[in-house]
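Trainee: Residues per chain are reported as follows:
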Amino acid sequence: DTAVSQTPKYLVTQMGNDKSIKCEQNLGHDTMYWYKQDSKKFLKIMFSYNNKELIINETVPNRFSPKSPDKAHLNLHINSLELGDSAVYFCASSQVGGSKYEQYFGPGTRLTVT
Amino acid sequence: GENVEQHPSTLSVQEGDSAVIKCTYSDSASNYFPWYKQELGKGPQLIIDIRSNVGEKKDQRIAVTLNKTAKHFSLHITETQPEDSAVYFCAASNSGGYQKVTFGTGTKLQVIP
Numbered sequence: 005d006t007a008v009s010q011t012p013k014y015l016v017t018q019m020g021n022d023k024s025i026k027c028e029q030n031l032g033h034d035t036m037y038w039y040k041q042d043s044k045k046f047l048k049i050m051f052s053y054n055n056k057e058l059i060i061n062e063t064v065p066n067r068f069s070p071k072s073p074d075k076a077h078l079n080l081h082i083n084s085l086e087l088g089d090s091a092v093y094f095c096a097s098s099q100v101g102g103s104k105y106e107q108y109f110g111p112g113t114r115l116t117v118t
Numbered sequence: 195g196e197n198v199e200q201h202p203s204t205l206s207v208q209e210g211d212s213a214v215i216k217c218t219y220s221d222s223a224s225n226y227f228p229w230y231k232q233e234l235g236k237g238p239q240l241i242i243d244i245r246s247n248v249g250e251k252k253d254q255r256i257a258v259t260l261n262k263t264a265k266h267f268s269l270h271i272t273e274t275q276p277e278d279s280a281v282y283f284c285a286a287s288n289s290g291g292y293q294k295v296t297f298g299t300g301t302k303l304q305v306i307p
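So the protein lines, in turn, are chains G and H. Last residue of the first sequence: 118 (our numbering), numbering continuous. Last residue of the second sequence: 307 (our numbering), numbering continuous.
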């Protein structure tokens, strides 16, 4: 059983297009995250939602808009894609306030903008 | 905000040798320090973590040490095996609130058979 799943795994698109990445977790966690990993493997948080409420919003262009329809889902929509958006995007989840603080990561979505 | 530095960026060891990865953090409010392992094509996975009220933690071949005063923490892997080859990330966060985890820059570990 997949704990954190993302779709699609690969996404190749042209500059200027709009695309979405979906994430689902079946762990019952109340907090979900989006991370961006660039070509040098730097892993940086973009957004975090707790119980569908946005709680972390790092310095990310307005072209990126997260959406959490429920606790188990966190989607990422990107408008007007640019070359610099090419990266691997990871979704993660955790349970805030529990005894364990582990974040569980999805398999990643490799976005290539041409 | 928190800043986590990690060294070395690459590390090659012979199978059976030990590997040590070191990190420093800047925010004295950080109290939770996880280590993640990322295998090729996969998401990071937690391998060990330590809280600020503990100086050392061990789990089989993996150990982590924390020096709160110096704001240093390290990962030690003993008797390395080829399957230990991966990218390792240290991280720091304040577990008191919503978890904003700041990751180090990663160490690519290669274990040579």
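Where hints are given, some of them may not hold.
Calculated lysine-lysine pairs in the DSS-like style (CA-CA distance at most 30 Å, straight line) [as the list claims (entries may be wrong)]:
(1) H/K231 <-> G/K75
(2) H/K216 <-> G/K26
(3) G/K13 <-> G/K71
(4) G/K71 <-> G/K26
(5) G/K40 <-> H/K216
(6) G/K44 <-> H/K231
(7) H/K236 <-> H/K294
(8) H/K265 <-> H/K216
(9) H/K251 <-> G/K13
(10) H/K236 <-> G/K48
(11) H/K262 <-> G/K45
(12) G/K13 <-> G/K44
(13) G/K48 <-> H/K252
(14) G/K26 <-> H/K294
(15) H/K231 <-> G/K48
(16) G/K48 <-> H/K265
(17) H/K216 <-> H/K252
(18) H/K302 <-> G/K48
(19) H/K265 <-> G/K13
(20) G/K23 <-> H/K262
(21) H/K216 <-> G/K48
(22) H/K294 <-> H/K216
(23) G/K40 <-> G/K75
(24) H/K231 <-> G/K56
(25) H/K302 <-> H/K231
(26) G/K44 <-> H/K236
(27) G/K40 <-> H/K294
(28) G/K71 <-> H/K302
(29) G/K13 <-> G/K23
(30) G/K75 <-> H/K262
(31) G/K26 <-> H/K252
(32) H/K262 <-> G/K71
(33) H/K252 <-> G/K71
(34) H/K252 <-> G/K13
What the hints contain is simulated information worked out from the structure, not anything from laboratory work. None of the values given here were measured: they were computed from a predicted structure.
Trainee: Are the hints correct? Go through all of them and say.
Mentor: Going through the hints against the structure:
With a C-alpha separation of about 26 Å, the suggested pairing of H/K231 with G/K75 holds against the 30 Å cut-off. The straight-line distance between the Cα atoms of H/K216 and G/K26 is roughly 35 Å, outside the 30 Å bound, and the hint therefore fails. Restraint check: the Cα-Cα separation between G/K13 and G/K71 comes to about 19 Å, which is no more than 30 Å; the hinted pair holds. Using a Cα cut-off of 30 Å, the hinted pair G/K71 and G/K26 holds, with the two alpha carbons roughly 10 Å apart.
Using a Cα cut-off of 30 Å, the hinted pair G/K40 and H/K216 holds, with the two alpha carbons roughly 23 Å apart. The straight-line distance between the Cα atoms of G/K44 and H/K231 is roughly 16 Å, inside the 30 Å bound, and the hint therefore holds. Restraint check for H/K236 and H/K294: the C-alpha separation of about 21 Å stays at or below 30 Å, so the hint holds. The suggested pairing of H/K265 with H/K216 holds, with an alpha-carbon distance near 11 Å, which does not exceed 30 Å.
Distance hint between H/K251 and G/K13 is unfulfilled; the C-alpha atoms sit about 35 Å from each other, more than 30 Å. For the hint linking H/K236 to G/K48, the alpha-carbon distance of about 16 Å falls within 30 Å, and the restraint holds. A C-alpha spacing of about 27 Å is found between H/K262 and G/K45, which places the hinted pair at or below 30 Å, so the restraint holds. Pair hint G/K13 plus G/K44 holds up; C-alpha atoms about 19 Å apart against a cutoff of 30 Å.
A hinted pair counts as satisfied when its Cα atoms are at most 30 Å apart, and G/K48 with H/K252 qualifies at roughly 27 Å. Between G/K26 and H/K294 the CA atoms are separated by roughly 21 Å; this keeps the pair inside 30 Å, and the hint holds. Restraint check for H/K231 and G/K48: satisfied, since their Cα atoms lie roughly 16 Å apart, inside the 30 Å limit. In summary, the hint linking G/K48 to H/K265 is supported, as the alpha carbons are separated by about 21 Å, within the 30 Å threshold.
Distance hint between H/K216 and H/K252 is fulfilled; the C-alpha atoms sit about 16 Å from each other, no more than 30 Å. Between H/K302 and G/K48 the alpha-carbon distance is near 17 Å, which keeps this suggested pair within the 30 Å criterion. Simply put, H/K265 and G/K13 have alpha-carbon atoms about 37 Å apart, too far for the 30 Å limit, and the pair is violated. Proximity of G/K23 to H/K262 is assessed by CA-CA distance (about 43 Å); at most 30 Å being required, the pair is judged violated.
For the suggested pair H/K216 and G/K48, the alpha carbons sit about 19 Å apart, so the restraint of at most 30 Å is met. Distance hint between H/K294 and H/K216 is fulfilled; the C-alpha atoms sit about 21 Å from each other, no more than 30 Å. Of the pairs offered as hints, the one joining G/K40 and G/K75 holds, with about 21 Å between alpha carbons and a cut-off of 30 Å not exceeded. Of the pairs offered as hints, the one joining H/K231 and G/K56 holds, with about 28 Å between alpha carbons and a cut-off of 30 Å not exceeded.
A threshold of 30 Å between alpha carbons decides the hint, and for H/K302 with H/K231 the separation of about 10 Å falls inside it, so the pair holds. With a CA separation close to 15 Å, the supplied pair G/K44 and H/K236 stays within the 30 Å bound. At roughly 14 Å between alpha-carbon atoms, G/K40 and H/K294 fall within 30 Å of each other, so this suggested pair holds. Of the supplied pair hints, the one linking G/K71 and H/K302 is violated, its CA atoms being roughly 33 Å apart against a limit of 30 Å.
Annotation: proposed proximity of G/K13 to G/K23 holds, straight-line Cα distance about 13 Å (limit 30 Å). Of the pairs offered as hints, the one joining G/K75 and H/K262 is violated, with about 35 Å between alpha carbons and a cut-off of 30 Å exceeded. Taking the CA atoms of G/K26 and H/K252, the gap is about 36 Å. The hint is violated against a cut of 30 Å. Restraint check for H/K262 and G/K71: not satisfied, since their Cα atoms lie roughly 38 Å apart, outside the 30 Å limit.
Pair hint H/K252 plus G/K71 does not hold up; C-alpha atoms about 39 Å apart against a cutoff of 30 Å. Under the criterion of a C-alpha separation no larger than 30 Å, the hint pairing H/K252 with G/K13 is inconsistent with the structure, at around 35 Å.
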